[in-house]
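Asks: As a plain string of letters, each chain reads:
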Amino acid sequence: MSTAESQTQRYVGAVAQDRQSYLRRMDWWLVVSALLLSAGSTVFVWSASRADLAPEDDPQYFLVRHTINIVIGIVLAFAVSKLDFRLLRAYTPVLYVVSILGILLVYTPLGVTIAGARAWISLPGGFTVQPAELGKVAIILVMALVLAEKRDAENEPRDRDVILALALAAVPIGLVLLQNDTGTALIMAVIVVTIVAVSGAPRRWVAGLIGGGVLAVFVALQVGIIQDYQIARLTSFLNPDGAEGAAAYNATQARIAIGGGGWFGHGLFSGPQTQGNFVPVNESDFIFTVIAEEAGYIGALAFIIGLSIVLWRGMRIALGADDLFGRLVATGVVAWLAFQSFQNIGMNLGIMPITGVPLPFVSYGGTSMFASWIALGLLANVRVHTAAKP
Amino acid sequence: MSERSSLRLIVLGVLLISLIGTLVARLSYLQLVAGDSLRAAAANNSTREVIAPSVRGLILDQWGRPLVANRVSLVVSVDRMALDREEDDGDQIIANLAGALDMPQEELALRLVPCGQEGAAPPPVCWDGSPYQPIPVAKDVDTETALAIMERRSEFPGVTAQLEAVREYPRPFNANMAHLLGYVGPVSQDQLDEQGDTTDPARLRSRDIVGRTGLEAQYDDQLRGIPGITTLAVDTVGRVTGTLDITEAVPGNYVVTHIDAHLQAVVEEQLLAAVERARALGNQGTSGAAVVVDVQTGGVLAMASYPTYDPELWVGGITRKAYERLLESKALSSNAVQGTFPPGSTFKPVTTWAAAQEGYDLEGTYDCPSDYEVGSQTFRNFESEGFGPISLQRALEVSCNTVFYRLADEMWLTAGGNAATLDSPDPIADAAARFGLGRPTGIDLPGEAGGLVSGRLEKQRTWEERRDNWCASAKDGYPETREEDPELADYFTALAKENCLDGFRWRNGDAINASIGQGDTAVTPLQMAMLYAAIANGGRILEPHVAKAVLTSSGEVVREIEPVVTGELADEQTLEWLRESLAAVTVEGTGRAPFEGFPLDVVPIASKTGSAQVFGNDTSIGWFASFAPADDPRYAVVMMVTEGGTGSAAVGPSVRAVYEQMFGVAGGVVDPDRSVLIDGEPSADLPIVRADGTPITPGMRTPDLTGDGQDAATRRGSQGLL
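As they're listed, the protein sequences go chains L and Z. Under our numbering, the first residue of the first sequence carries the number 1, and numbering increases by one thereafter. Under our numbering, the first residue of the second sequence carries the number 391, and numbering increases by one thereafter.
Derived by calculation from the structure, the hints in this document are not laboratory data. Please read these numbers as outputs of a predicted model, since none were measured by experiment. Positions of the beta carbon are idealized from the N, C-alpha and C atoms, including for glycine. Mixed in with the good hints, there may be bad ones.
Computed Cβ-Cβ distance ranges for the label pairs, DEER-style [unchecked claim]:
id, chain 1, residue 1, chain 2, residue 2, range
1, L, F269, Z, A485, 34 to 40 Å
2, L, V98, Z, I400, 33 to 39 Å
3, L, W263, Z, S408, 21 to 27 Å
4, Z, L703, L, L268, 50 to 56 Å
5, Z, E393, L, W263, 44 to 50 Å
6, L, Y91, Z, S408, 34 to 40 Å
7, L, L101, Z, L397, 36 to 42 Å
8, L, L268, Z, R851, 55 to 61 Å
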């Protein structure tokens, strides 16, 4: 019996286990933290969006939609966590192709430009989705598949495998970059480097990717692929008081709002910067500013701790996974959630460039919320399909 | 799985911890270390409001004629920020502007200094508004000057001349109404302090113009409107970073009054005529008042006070000189609402009603001697005339004092005489209170006086207040007077001693004085009008209202002011008897002379004259209180002139003239078409205000609006204003 066959048998056994086993094997630290993050996010989305709306609008409009998004996200997470591993592997190529097509759809008349990035497609009923979010899931799965395929765990991926994985990842990243969605492309790149590293690929690959990334940025600056306004936008956080323009304004106002929060904040619905609409898109990209202003240091810290628990449990799942595919999927998800959270909170705090990146589980926005919960579903899936350790 | 994979995973874990650590460190720095300075930045870095004032609402008469409107005035304003950008802080501009406006440079400079800054003059000279708001420095600038300023922009950077709304008094039929309408002025610091912290969009702001007196003050919250506000986001250096919010101004509401401008003009004219008549009779005629009310609703149809002033004086701020002149002339307060005077014989219906409640027969016979003695005191009849035994109605007709003296004396004795306690009945004082005297009527005008009802309780209260003074004087024995006239000092001392010991005691002499509206009793002409209205309408004490309704500037009704009954007089029989007797006063009593030749058979007038003595004045207050028609009362008219002589001679003819104009009487014939009241009676409906804010005045009424095809209003040529 080959290793692959024995593995397959183990999974069959795992899937055959009863529902109680699913619940017992579930990582509740992970699930409860994510649930608390989303539940807590609702009041701040409400507070932030209320101030944006005209008096004649329903003040609960965003609150209701946000709550619906969370519920849909949880359902998606549950479904993903229940998926048979074999099915997941089998459908990965399909998902990959679909997400590439989705990203391409943005260039059709269905595409919508929001905040300078042509990254959305509009659906009937006034909904918009951001296919790049699902592209992250596709990249994780397709890379894990390629790098873990047909090898037993003791073997390192061959150069051929690494090249194939990188090539597959390069397609969505390239397309996203073309859409001017630098933030998402950056997160995808971090996912790629992390998965390659953890796959056990030769050191030269890891070093090469990191070095190549730095070089690419340098060349882009020198050759002028990145235009001046883009540089200005990205670097405005370094010196917001001196810079002109919307990004600098955002950074300054967000910092004033957070600073004003103090230990315990101004209280819900009472943050002067939030309620005065000084911080733009504060229900999505700048939701952390709202939390810090209205719930103060304590509230903001609670959200950072919640995200940290999710990442900690994700790391544990990756470490404990008993096959490379599961480990790489979990690693990819952790890298994604970690870097995206850091990028988002960092830009709220004025230590990262302002790119339109939402905070996982917290920011308003359907696609991002679904993607966060699908990511959680993947972690849970790896967890429940890991054989119990003696 | 490979060792290398797990090792790299652990490296990833360490990286994650450092990322989280970075975020926590930065968050701690921002919120806990830099928090204070950022909070300060938030405080002075958030918003600036630019305020566009709302248009103040109009005050209309019952037909929609504007009594107070707005006109535009060329106002020159200076933008302080623009001056500060000049190298010399704008000194040259101020000098140029002072020259152009022909005002002292020093005065102009002081007006541009923000209050609280070094060298600022005290308010209202210094500027206490927002530095983002242009500072108005001159109103009613002529076009030539304005054009000169606007054309030479380089000489006057930051100076603008633009049209702004100020109050205007259209004076339909030349009616003045200064006391009724009041005037506006800048909001006072007290008002702002009283308001406290509020975010109400209709709150007072430091540069607001508010009503200071009269209707302008009473209905200020309605008239003022809500200013338009543009909220700008401004950063630390004052740069505007965005527009956060724009709220359009809401124009002030319109106040529709019961006043009929035409009748008001007649009443003002006739009050002046009464004063002049009093003077022609050799009296001083120092002041006067007149009130016309609708006895069924309490609506004030006209109200005048003499002396008066030109309300235009207040437009754009009154000069110090003009204000001093106003204070000197005592024209500022309304004698109709704020002045209290002894009512004299016009009070007798109250005494009659009190006697009826005590069981006296209204149809009985009462002796009217020329004088009435109580102990050592003799109370004389008017001009010491005696009529012998007469009916009570006749006593009212000829205003026989001694009949009322006896009634008061007897009622006083029945109540316990000198042995009465504070709980003993006091029929006349009680009746006066029931008729609404001794307390404000509740009219919708600020500063109303309540007057005083002479009686046992009032005397006790006065004694408690003044006892210490009296007792001290009794002890001292008036040393200063004693040097000159020991006898007078003895008399004063004895009086003070008596007052000190039992000045609280309600004596029969007090009751006798009270019965004819003398003593300490003091009333406002408005109270008298409401008292006679109560007799007329069957005993309802009404709250008088000047305002009839509040409309929005586009003519929708905000609220209608309904009649308010504040008291009911029992005993309809006595009131009926009073209505008949007072009608007889005009036919064959003291009211007869002025109404000689008036068609009393068509329009019976119920009236009562009064000549009230005031201590220190040689001549009495002439009162004429009335209502009509006596058999179906609609209006009460009360007029009085201080130091005017008798009510019949000085005031009566003027009241007659008012009735003639109201009912359309000429040459003994009544023709409602000739009435100053359109359609011969007060308007039953509210005036129509067009959506653009223009009230439709009678002069603008078209035949299809009145529906009768022949427009009486147009025929009478009433004024359409605006």
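Asks: A separate judgement is required for each hint: does it hold in the structure or not?
Replies: Tested hints:
1. As the Cβ distance of F269/L to A485/Z is approximately 52 Å, the hint placing it in 34 to 40 Å is violated.
2. Restraint check, V98/L to I400/Z: a C-beta distance of roughly 35 Å satisfies the suggested window 33 to 39 Å.
3. Range check, W263/L to S408/Z: about 25 Å between beta-carbon atoms, so the 21 to 27 Å window is met.
4. Remark: the range hint 50 to 56 Å for L703/Z to L268/L is upheld by a beta-carbon distance near 54 Å.
5. Against the hinted window of 44 to 50 Å, the Cβ-Cβ separation of E393/Z and W263/L comes to about 45 Å, which satisfies the hint.
6. Restraint check, Y91/L to S408/Z: a C-beta distance of roughly 36 Å satisfies the suggested window 34 to 40 Å.
7. For the hinted restraint 36 to 42 Å between L101/L and L397/Z, the CB-CB distance of approximately 38 Å keeps it satisfied.
8. For L268/L paired with R851/Z, a C-beta distance near 57 Å keeps the hint of 55 to 61 Å intact.
In this structure, only the earlier hint numbered 1 is contradicted, and the remaining ones agree with it.
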